[in-house]
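Undergrad: Sequence:
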Amino acid sequence: MIQFLLAALCIINSFESGDLAFIPLTKKFLDKLKNETLYNKFATPTQYDGVPTNVTLSMFIEGMSSFSAQTMDYHLDVYFQEEWYDHRLAHNASAPILVRDLEVFKMMWHPDVYFANARSAAFQDITDDNFLVWVYPNGRVWYDARISIVSSCNMDLWKYPLDSQECALRILSYAYPMTVLRLLWSEKEDVPAIDRNPDITMPDMSLKHIRTGYCNGTYATGEWSCMTAIFYVEREMMHHVMQTYVPTALIVVISWFNFWLEIDSAPARVSLSITTLLTISTQANAVKLALPEVSYMKAIDVWMGSCMAFVFGVMIEFTICHYAKNLEMLRAEGQPSLIVDTALSTLFGAARDIDDLNEEEGVRGEGEQHIALNMLNPEEPRLRSLNPNNDVTANGTRYFVGADRMKRKRSKASLSRLRQQVASMRHATVDVSRRAFNWTRALRNLRGRRVAQRIDERCRIVFPMIFFLFNIAYWSFYLVFN
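Note that the sequence shown covers residues -21 to -1, 1 to 461 in mature numbering (1 follows the signal peptide of the UniProt record, and there is no 0).
The reader is advised that the hints may include incorrect statements.
To be verified - Straight line, CA to CA, 25 Å or less: simulated DMTMM-like cross-link-like pairs of lysine to aspartate or glutamate:
| id | residue 1 | residue 2 |
| --- | --- | --- |
| 1 | Lys187 | Glu145 |
| 2 | Lys13 | Asp108 |
| 3 | Lys7 | Glu82 |
| 4 | Lys20 | Glu82 |
| 5 | Lys187 | Asp135 |
| 6 | Lys85 | Glu15 |
| 7 | Lys11 | Glu61 |
| 8 | Lys6 | Asp65 |
| 9 | Lys11 | Asp65 |
| 10 | Lys13 | Glu62 |
| 11 | Lys85 | Asp52 |
| 12 | Lys7 | Asp123 |
| 13 | Lys13 | Asp56 |
| 14 | Lys187 | Asp56 |
| 15 | Lys187 | Glu41 |
| 16 | Lys187 | Glu215 |
| 17 | Lys11 | Asp123 |
| 18 | Lys167 | Asp123 |
| 19 | Lys138 | Asp183 |
| 20 | Lys20 | Glu61 |
| 21 | Lys11 | Asp28 |
| 22 | Lys267 | Asp280 |
| 23 | Lys267 | Asp174 |
| 24 | Lys6 | Asp123 |
| 25 | Lys267 | Glu215 |
FYI, nobody ran anything at the bench for these hints, they're computed from the structure.
Keep in mind it's a predicted model, so treat the numbers as computed, not measured.
My request is simple: use the sequences and hints to build the entire structure.
TA: Dropping the structure here:
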């Protein structure tokens, strides 16, 4: 008798010290499971007591990864624990019985919980089935299994990639309403309901905290118990800042180089503007490929659209500068744009166009020839008036005509010299007019260039200032006030 008490005491002490954590499955326990009169695996532990069976849940998050904004899901690797009391399985062993056989576990009643918003889930079975069941002497059953879950998460991407998300994992019973089975989160003080591996790291997300919740719902078949594990994650910005924000901002800055190029360098300015615009468009399309098609505007859309608007504004600015440069050359006739234009026109009779100069040259030549003839033969007009038909009469008209011919012969050499002088004067006048016309065009060109240069000089300040103010508003709105 004394020896039996000492042996029992040794067993109790070894159990309390942890040397004997469990005992293997016994034949007596298996016989109880096989005896349908003693144990009905289709009935809940409190089926005939009129009260629901309480099942306590807890989880340990071993790994978390693959938060995808395009497919809106994430991957979990968890140790999932369930605990309930089944007094029908009480035994008189000194330690909990360990069950490691799936066939034996299927002979026991266990909750039929599932993950409602899981797209796929699977038990780990390498190198063996990753599960265990402890049946304590008082009928307490503790179940632990390692499960890989791909769960959906309805992400709100209006702040992407500066967003944070709350993803809930919903757990509930498939067949038993709340009147039969009730789910509860573990309330042990030393162990939280949901614990996690502190070394969890994700490439694009950071897990901030986890909280538990309830999602009990009423359906046509009754009220069902539902539990939620809510994961609060924040997106890591550095990757997007280095891969998206900084390159696009630099492209916008590069487009401002247009303001320092000469206004006459149209090919260089147009090429630079188009190249930067196409680069921004290519980056925007690359960002869209990694995101789902949503009906609202995201933060990255605002940034890309604004950067594209800044680059497009540079192209518009060049168009305005080019138009201002050519505006003076396209002004209408009779509307001098410079005081010098009026002065040159008054002094030299400068025309607005080379064609006008040629027409004036021809008219002026005929008039000068007529004046020269009148100067050499002043009697010809009077004679023509006396004899308009140039008839020779016996009244002495022949004498005047002959005398007139003699004078014209004598002045032939003088007329040639005079014509040469008139031609040289005419060419000199045309040369002066053309020179004045070229001066006028040059002065107009100078004025147009100066207007374009002033626009460029102001845009060198206005564009960076507006872009700086936009950055303040953008980052304040998406990071500080939301």
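Undergrad: Each of the hints needs a verdict: does it hold here or not?
TA: We went through each hint and held it up to the structure:
Proximity of Lys187 to Glu145 is assessed by CA-CA distance (about 10 Å); at most 25 Å being required, the pair is judged to hold. A distance of roughly 23 Å separates the Cα atoms of Lys13 and Asp108; the hinted pair therefore holds under the 25 Å criterion. A distance of roughly 16 Å separates the Cα atoms of Lys7 and Glu82; the hinted pair therefore holds under the 25 Å criterion. For the suggested pair Lys20 and Glu82, the alpha carbons sit about 13 Å apart, so the restraint of at most 25 Å is met.
Restraint check: the Cα-Cα separation between Lys187 and Asp135 comes to about 17 Å, which is no more than 25 Å; the hinted pair holds. Restraint check for Lys85 and Glu15: satisfied, since their Cα atoms lie roughly 14 Å apart, inside the 25 Å limit. A hinted pair counts as satisfied when its Cα atoms are at most 25 Å apart, and Lys11 with Glu61 qualifies at roughly 22 Å. Restraint check for Lys6 and Asp65: satisfied, since their Cα atoms lie roughly 19 Å apart, inside the 25 Å limit.
For the given pair, Lys11 sits about 13 Å from Asp65 by alpha-carbon distance, which is consistent with the 25 Å threshold. This hinted pair checks out: Lys13 and Glu62 have alpha carbons roughly 22 Å apart, not beyond 25 Å. Simply put, Lys85 and Asp52 have alpha-carbon atoms about 31 Å apart, too far for the 25 Å limit, and the pair is violated. Between Lys7 and Asp123, the direct Cα distance comes to roughly 23 Å. Compliance with the 25 Å bound is thereby established for this hinted pair.
As the CA atoms of Lys13 and Asp56 are separated by approximately 34 Å, the hinted pair breaks the 25 Å bound. At roughly 17 Å between alpha-carbon atoms, Lys187 and Asp56 fall within 25 Å of each other, so this suggested pair holds. At roughly 15 Å between alpha-carbon atoms, Lys187 and Glu41 fall within 25 Å of each other, so this suggested pair holds. Annotation: proposed proximity of Lys187 to Glu215 holds, straight-line Cα distance about 12 Å (limit 25 Å).
The hinted pair formed by Lys11 and Asp123 meets the criterion: a straight-line CA distance of about 22 Å does not exceed 25 Å. Straight-line distance between C-alpha atoms of Lys167 and Asp123 comes to about 17 Å, which keeps the hinted pair within the 25 Å bound. A C-alpha spacing of about 15 Å is found between Lys138 and Asp183, which places the hinted pair at or below 25 Å, so the restraint holds. At roughly 17 Å between alpha-carbon atoms, Lys20 and Glu61 fall within 25 Å of each other, so this suggested pair holds.
A hinted pair counts as satisfied when its Cα atoms are at most 25 Å apart, and Lys11 with Asp28 qualifies at roughly 21 Å. Annotation: proposed proximity of Lys267 to Asp280 holds, straight-line Cα distance about 9 Å (limit 25 Å). For a cut-off of 25 Å, the pair hint linking Lys267 to Asp174 is broken: about 36 Å separates their Cα positions. Straight-line distance between C-alpha atoms of Lys6 and Asp123 comes to about 23 Å, which keeps the hinted pair within the 25 Å bound.
Distance restraint check for Lys267 and Glu215: the Cα-Cα separation of roughly 18 Å lies within the 25 Å cut-off, and the hinted pair is therefore satisfied.
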